[in-house]
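In case you want the letters, here they are:
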Amino acid sequence: MEHTVSYLGLIPLFPLMGALVLGVMHIYSCSRGKIPEKLYAGIACVGPVISFIYALIVFFQLKGMPPESRFLVHDAFTWFSVGDLHITMGFLADPLSSLMLLFVTFIGSLIHIYSIGYMAKDENFGKFFSYMNLFLGSMLILVLGSGPVVMFVGWEGVGLCSYLLISYYSEDTDNVLAGNKAFIVNRIGDLGFLLGMAFLFWAIGAGGFDYLSLRENSHLLTPGIGLVVCLLLFVGACGKSAQIPLFVWLPDAMAGPTPVSALIHAATMVTAGVYMVARFSFIYAHVPIAGTVVAWTGILTALLAAIFGMFQRDIKKILAYSTVSQLGYMFAGVGVAAYSAGIFHVFTHAFFKALLFLGAGAVIYALHHEQDIWKMGGLKDKMPKTYWTMLIGALALAGCPPFAGFFSKDEILFSALATGHTGIWVIGVTVAGITAYYTFRMIFLVFHGTPRDKEAFDHAEEAPGVMTIPLIVLAVGALFAGFLNLPSIFGGNLNVSHWLAPSLVDHHPHVGISVELLAIATSVIAFAIGITIAYRKFGMGAEEPEYTGFAKFGYNKFYIDELYNTVLIKPYKAIGSVIWKSLEPNVTDLPVKLSSWLYQKAGAAFKVFQVGYVRIYAIYMVIGLSIMSLLLSQSLN
Amino acid sequence: MFENVLSVMIFLPILAGLVMFLSPVNKGVARLAGFIVATIILILGVELFIGFSGTAAMEYVENRTWIESLGINYSLGIDGISLLVLFTCAVLFPIIFVVFSTRTKGFYANLLITQGAMIGAICATDMVLFYIFWEIMLLPIFFMIGLYGGPKRLPATLKITIYTIAGSLLMLAALIYVGVSYHTQFGEWSFNIVQLSRLDLSGGYAVLAFVMFMLAFAIKIPLFPFHTWLPDAYTEAPTSTTFVLSAIMAKIGVYAVVRFVVPVFEIEFARFALLLALSGVVGMMYCGLAAIAQKDIKRLLAFSSASHMGIIALGVFCMNVQALTGSLFQIVAHATSTGVLFLFVGLLEERMETRNIGDLGGIAYRAPIFATFFGIAMLASVGLPGTSGFIGEFLIILGAVKFNVFIGFLAGTTIIIGVCYMLWMFQRVFFEKTNERTEKFKDLSLVETLTFLPVILLIIFMGIYPQPFIEKIEPAAQQHVANFSSMPETHVVDTIVPTAGLKHQKN
Amino acid sequence: MIQDYLILSVILFCIGILGVVSRRNVLIVFMSIELMLNAANLAFIAFSRFHVSMDGHVLAMMVMAVAAAEAALALAVVILLHRHKGKLDTNVFSLLKG
Amino acid sequence: MNDFLSLFPLLIICSGGILLMLLSAFERVKLENAPVLSMGIFGAAFVMQLIASGIPESTLYADTFNGMLVSNGFTHAASLVIIGCGFFTSMSCHTYFRQNNPCTMEFYSLLFFAAFGMLLLTLSRELITTFISLEIMSLAIYILVGYDRKRVTSTEALLKYLLLGAFAGAFFTMGSALIYGGAGSTKFYDIGIFISTHSAATPLLIGGTFFIFIAFLFKVAAFPFHAWVIDVYEGAATPVTGFMATALKAAIFTVFANFLALNSALQKEWVDFLFYIALFTMFGGNLIAIGQANIKRMLAASGIVHTGYLLIGLVAISTESFTGSVIAYYLAAYAVGTLGIFAALSYLGGKGEKRMSFDDFKGLAKVRPYSAAAIAVFLLSMAGIPPTAGFMGKFYIITSAISAGQMALAVFAVVSSILSMWYYLRLIIIMYFHEAEDAFEIESSVFAPACTFILVFFVFAIGLYPIVV
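Chains as they are written, first to last, in this note's numbering: chain L, 1 to 637; chain P, 1 to 507; chain U, 1 to 98; chain E, 1 to 469.
FYI, nobody ran anything at the bench for these hints, they're computed from the structure.
These figures come from a predicted structure and were not determined experimentally.
Beta carbons are placed, not taken as given, at the ideal position from N, Cα and C, and that holds for glycine.
Be aware that one or more of the hints could be misleading.
Said to hold, decoys possible - Label-pair restraints from in silico Cβ distances:
(1) L:220 with P:465: 28 to 34 Å
(2) L:597 with U:3: 54 to 60 Å
(3) L:623 with E:457: 43 to 49 Å
(4) E:354 with L:597: 28 to 34 Å
Please model the complete structure; the sequences and the hints are all you need to start from.
Shown next as structure tokens:
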């Protein structure tokens with residue numbers, strides 16, 4: 001059929017091959033002779049770029065098709081087939097995945113280029129890029145997978161890569177611990193995903209376990225099972241996209257190199273959860289309750305993370321929390337069934353958040369790995385490119401029209417309002433204000449005012465071109481990405497939404513223009529308020545305040561980590577040692593020990609009867625036979 | 001020659017081992033000879049695997065009368081159920097001979113005899129024959145642990161031997177009961193599993209016999225709570241023995257349940273399935289949790305192995321085709337992941353003279369190849385997609401959910417529990433700072449690398465393209481489940497458990 | 001009629017048993033065993049009278065012969081024991097035990 | 001002709017005994033060659049017995065012996081076992097007496113007389129014949145036990161055995177008297193007829209049978225008549241112990257089975273009785289064995305356990321189609337293992353049996369790997385681990401038990417053999433997993449070791465090709 005193409009499988013393959021080659025080269029270089037970084041860099045960038053080109057090809061091929069039948073498939077081979085479970089290693093490109101494909105490969109390539117500069121003179125240069133390529137490959141599998149199981153491969157693959165890259169500086173225990181945390185928390189989510197798949201399969205999987213067939217059979221799904229499936233899948237999404245209660249790993253994940261944070265923990269991987277919910281929109285559409293749960297989880301996460309963001313002092317932590325909070329927005333969007341809005345926010349967020357991280361990276365790079373914003377300041381003149389690009393990013397994040405963030409976020413809030421989730425809308429607007437506040441808190445403290453750390457300031461200088469060019473490109477994206485989905489009120493026609501429509505079960509609430517205006521107005525006001533407060537407090541070089549009361553509470557993230565530690569981790573270990581120290585030897589093994597002990601003792605006791613006096617032996621005989629004869633006489637009558 | 005390849009595969013190693021015992025060869029020669037024999041077996045095994053046509057029927061059948069008066073035959077055969085177990089047993093042995101050079105000839109002889117006996121147990125389709133090989137394969141283990149084991153080897157070896165023999169002697173009584181009741185029902189003696197599956201047993205003694213069978217296998221697998229011999233034995237045994245125990249011998253327990261218990265005792269099996277599945281899951285969690293508390297890598301792996309065996313066993317007890325196929329597949333996957341991890345630990349011990357996690361660290365920087373291989377095997381054992389470990393676990397969990405949601409959920413937790421202790425161990429052994437001990441850690445030599453590379457590739461290949469394996473075992477699993485579920489439900493209720501115990505013998 | 005003989009033989013037999021279990025002197029123990037054998041003989045005779053067949057008498061003869069052989073061996077043992085310990089107390093000979 | 005043929009081995013043994021006695025009287029043969037000579041005679045008898053075993057139908061000596069003797073497949077098998085035991089015993093005696101106080105020629109002639117008594121016992125189908133052959137056997141064995149006059153332990157063993165044996169013999173006579181009274185005859189055949197016409201439950205018959213059982217149970221050392229066996233085994237010379245443990249047991253069990261099988265009513269009457277005896281014997285034996293430090297005593301105790309298994313065989317015999325094949329096979333299997341280990345002990349024991357406790361055998365495998373391996377094989381055979389003879393024996397016993405509906409007994413048998421693993425493995429562990437403290441120097445003699453290794457071969461041969469009559 002005309003939908004089958006043979007090159008979809010190649011898109012993930014290139015980065016994976018790159019990963020393999022780089023890995024082998026790295027291992028080789030460990031034992032004999034170093035390999036020049038240029039060679040590594042070259043190989044590293046080939047994969048992503050080629051994938052990007054393919055992504056463009058896919059995009060245009062889809063564009064050439066009639067909207068309702070826009071999809072390409074490529075069934076590479078039967079992965080495994082047991083009973084009526086048939087899993088093919090297949091790839092599916094439809095508008096949704098093609099959009100993801102585009103920006104993942106695009107941003108991925110940019111960040112690879114950026115990393116060449118950032119990671120320069122790192123002795124594990126090759127390893128780093130091998131991991132990055134591996135990540136990109138897995139991410140592409142995740143995006144392109146034609147069914148949940150294939151998606152799960154990428155899903156866990158990116159988890160692995162994030163583990164490897166978080167614990168990249170593995171000499172330091174904390175980094176490794178952060179990596180473990182990320183992996184384990186992700187695994188908790190994956191359990192949800194796995195069980196969700198299982199339920200889904202037993203419900204409607206017999207007719208084929210890939211999205212297209214599932215979508216056809218989705219009407220067979222009973223609401224009960226549907227709810228279970230949705231919630232379980234959402235658990236998976238929470239793990240991957242750092243939502244309540246599984247968001248704790250993302251801030252720690254900043255232990256990895258900054259490009260990693262930009263690529264994995266801001267732009268791509270963490271949005272996989274949103275992507276997944278959108279993917280399964282045909283199920284979520286059936287069970288509104290699930291949608292509501294998703295939306296509320298999202299918006300509450302957004303609020304919580306935003307509050308945490310207000311009080312952080314580590315520049316990357318701030319960005320991390322803002323990421324969590326933005327992800328919350330996205331879930332709110334998909335939760336209220338505005339899938340296209342959610343995905344669009346994913347899209348824009350990828351640009352400006354990557355931009356912010358890379359900018360932060362540049363700053364950190366300039367200040368020799370200083371991450372505390374209270375030790376920065378006045379870098380505006382020192383590194384203008386970084387400043388201006390980051391400013392754009394900040395504005396986009398804060399949702400200032402006409403930057404990208406504004407449109408996407410506004411779309412979400414509007415749909416929340418329009419679908420009658422007023423509560424979500426209110427919180428959303430508040431969060432928008434807070435976002436503006438902490439974003440500009442960061443900007444002011446880093447770039448304005450007077451330098452707080454003199455000699456670090458003196459050594460600081462603009463990053464090399466290989467790093468700034470990606471910044472600029474992304475800045476452009478952050479500026480104009482929003483216009484791709486211009487709502488009608490601004491004379492646009494929601495291109496992206498229409499593009500995504502075929503692969504989503506999207507419904508656009510038709511409400512009066514007034515509501516839309518209200519939404520826009522409120523979010524603009526919120527932004528304004530946030531930014532003014534920020535300016536008041538930090539505009540012109542503020543001094544570090546004492547964290548007290550609520551601030552302290554917020555700075556310590558409401559002590560949630562400590563809570564988990566005492567409620568979950570400590571007991572877990574305790575159980576382990578209890579089992580090993582006391583349960584195993586004293587309870588489980590008791591019967592065995594006891595029986596052998598008894599046997600030995602009984603044997604020892606029995607020796608007593610062997611007295612060695614022949615008379616006694618005769619007596620034994622007599623006793624024995626008298627007892628027997630008694631019994632016999634019983635049996636006689 | 002190929003029509004009785006199975007006999008060759010059984011008796012070539014055994015004879016080689018015996019000759020090695022009796023002839024005064026030095027250990028180098030013994031090792032070489034052992035390697036050659038193992039390689040021949042490997043070639044035969046692969047050949048056999050390829051030649052296996054993947055129908056549900058028995059292939060490579062051999063049948064000779066042995067003891068007419070009791071209808072005991074020397075009958076061998078391979079089908080989808082046993083294929084992968086045999087494959088594992090045949091393929092993994094040469095590694096041992098390459099990797100560990102510091103052993104006496106007796107050790108190698110023992111290894112060969114074990115292999116032969118295990119292959120025999122896998123191929124036997126006559127219960128008595130199976131029992132004989134089943135018992136024989138324990139003896140070399142007994143000697144290997146006792147002669148070449150660690151400091152606290154004597155209690156360990158005594159415990160494993162008596163514990164397992166206790167189980168198998170009970171099984172002996174049970175299988176004789178089965179044979180006798182076949183004789184009473186059909187008027188002829190037979191211990192052939194194909195004929196025995198026609199039996200319909202019911203009543204107290206059937207339950208008793210079933211319990212005795214399951215006990216034997218539960219001890220061997222080991223199922224919770226009969227696993228207590230395992231930590232000591234696995235830890236005290238020389239690494240290659242531990243490898244044999246965990247990679248293959250445990251699997252034979254699972255295999256035997258599928259092959260001998262399910263067809264004969266459908267009714268009892270159906271009645272106890274939930275309980276057994278529960279014990280599998282509980283064992284998985286119990287051992288997984290216990291693994292966290294271990295200081296000794298080998299013991300940690302021992303517990304992790306036990307934990308995975310719980311899952312594999314669960315797959316059998318769920319008795320739907322996905323779970324069963326998953327288990328059969330996981331048998332290989334687990335052997336190639338956890339089993340190989342044991343070998344790696346053995347190498348580690350040889351180089352570092354310690355297995356204590358606390359004394360290690362930063363090995364990844366000294367030995368990237370070793371670290372990579374270890375990492376891949378570890379990821380396979382925690383069931384990461386793209387490695388062999390995922391397919392099996394996925395299928396088993398899928399089946400478990402079908403079987404019972406609660407069980408399925410508990411079974412799912414394995415992907416969390418496993419990752420906890422593994423990452424914990426990996427962090428402390430391979431990451432963090434190197435110390436003066438690990439400073440001078442030697443990476444894998446070329447030979448070792450080339451030895452392990454095939455296994456690592458197998459892990460990945462089986463993860464990415466498992467279908468060739470699955471399509472060979474799936475029909476047999478299909479049929480097995482079909483036979484099982486064709487069992488009339490009405491039987492399940494009208495079997496009574498013996499209340500008066502054993503006191504009413506005369507029937 | 002026959003009962004009386006039987007009762008007598010049983011009594012003799014029991015006396016024999018009592019002797020074996022109660023006495024420690026080897027000679028006396030052997031005597032008691034002889035007593036038991038003779039009790040058996042008595043029973044044989046009585047029964048053969050009862051069945052009106054000669055078998056019983058023959059059997060009694062046989063038993064006596066065997067008893068004689070045993071006695072011979074016993075006496076040899078007695079001498080042997082006396083050589084070793086100078087006592088005929090069975091309790092002296094309890095090296096083998098446990 | 002056939003009847004004469006099946007008596008021929010008996011005659012050979014008897015005349016062999018007399019011949020040796022005469023030779024010793026005239027001192028024609030050097031003591032060295034006595035065992036060789038006896039081996040020759042035993043071998044000849046064995047061959048004859050094999051030929052005789054070809055006879056399918058059973059021969060009743062109606063006119064020659066007035067039906068007091070019957071020979072059939074079962075007796076043939078049993079006789080084969082007994083003669084074989086004699087052969088291997090004299091083989092290991094050759095080595096044993098080199099390193100212990102030497103014996104005289106009469107020793108071997110006594111061995112023959114004992115064997116003669118046993119053979120007669122297997123054939124006898126009449127109570128007094130049984131009694132006489134029992135006594136022939138016993139008197140010979142008594143003397144063999146106490147043969148080493150200088151060793152007080154040996155004498156003590158003799159005392160205990162003689163005393164208690166005579167005691168049990170008295171019971172036998174009383175029993176036969178009662179049965180004679182009850183059934184009017186002492187021929188098994190007539191008794192059988194009487195029972196089938198009347199009943200097995202008359203007081204006289206029950207009492208008589210009971211007394212006779214006591215005698216038998218004493219001879220096979222069943223609980224609670226087992227106490228003597230341990231001391232006697234320890235006191236007796238190692239080869240003699242081996243002979244007692246195997247041949248004697250074979251003979252008694254044969255006649256026991258014949259007696260039980262004479263009428264089904266009788267067997268039914270006593271099944272429960274034997275059930276409990278078997279039970280207690282197995283577990284009592286295990287309890288005694290686990291505590292022993294001396295190998296001979298341990299083996300004696302394990303002998304008690306095996307008696308228990310054989311009793312299971314008796315419980316399970318089906319009188320309608322009684323072939324005794326199971327019992328015969330088990331006797332053979334047990335005999336091979338036990339003889340083997342006693343043969344090994346009789347040359348490893350060293351001067352004056354100085355090595356007899358477990359600890360003396362520490363690290364034997366390091367010094368004498370082949371002997372250690374042989375002992376291990378015998379132990380495993382006794383423990384019933386495949387592919388040895390012991391396994392098949394146990395297999396048959398359990399099969400017969402379950403076929404007779406004695407599931408419980410089968411399970412108990414299995415449990416007791418689990419318990420017995422303990423002390424068998426203990427010896428193996430001591431031989432293999434400890435360091436050698438002793439050089440195990442022994443008088444160089446080829447016979448006992450040869451005997452050991454032949455028996456190893458037999459253990460596997462019988463195990464893998466179980467010829468069931």
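Comparing the hints with the structure gives:
no.	hint	result
1	L:220 with P:465: 28 to 34 Å	holds (31 Å)
2	L:597 with U:3: 54 to 60 Å	holds (56 Å)
3	L:623 with E:457: 43 to 49 Å	holds (45 Å)
4	E:354 with L:597: 28 to 34 Å	holds (33 Å)
Checked against the numbered hints given earlier, the structure satisfies every one of them.
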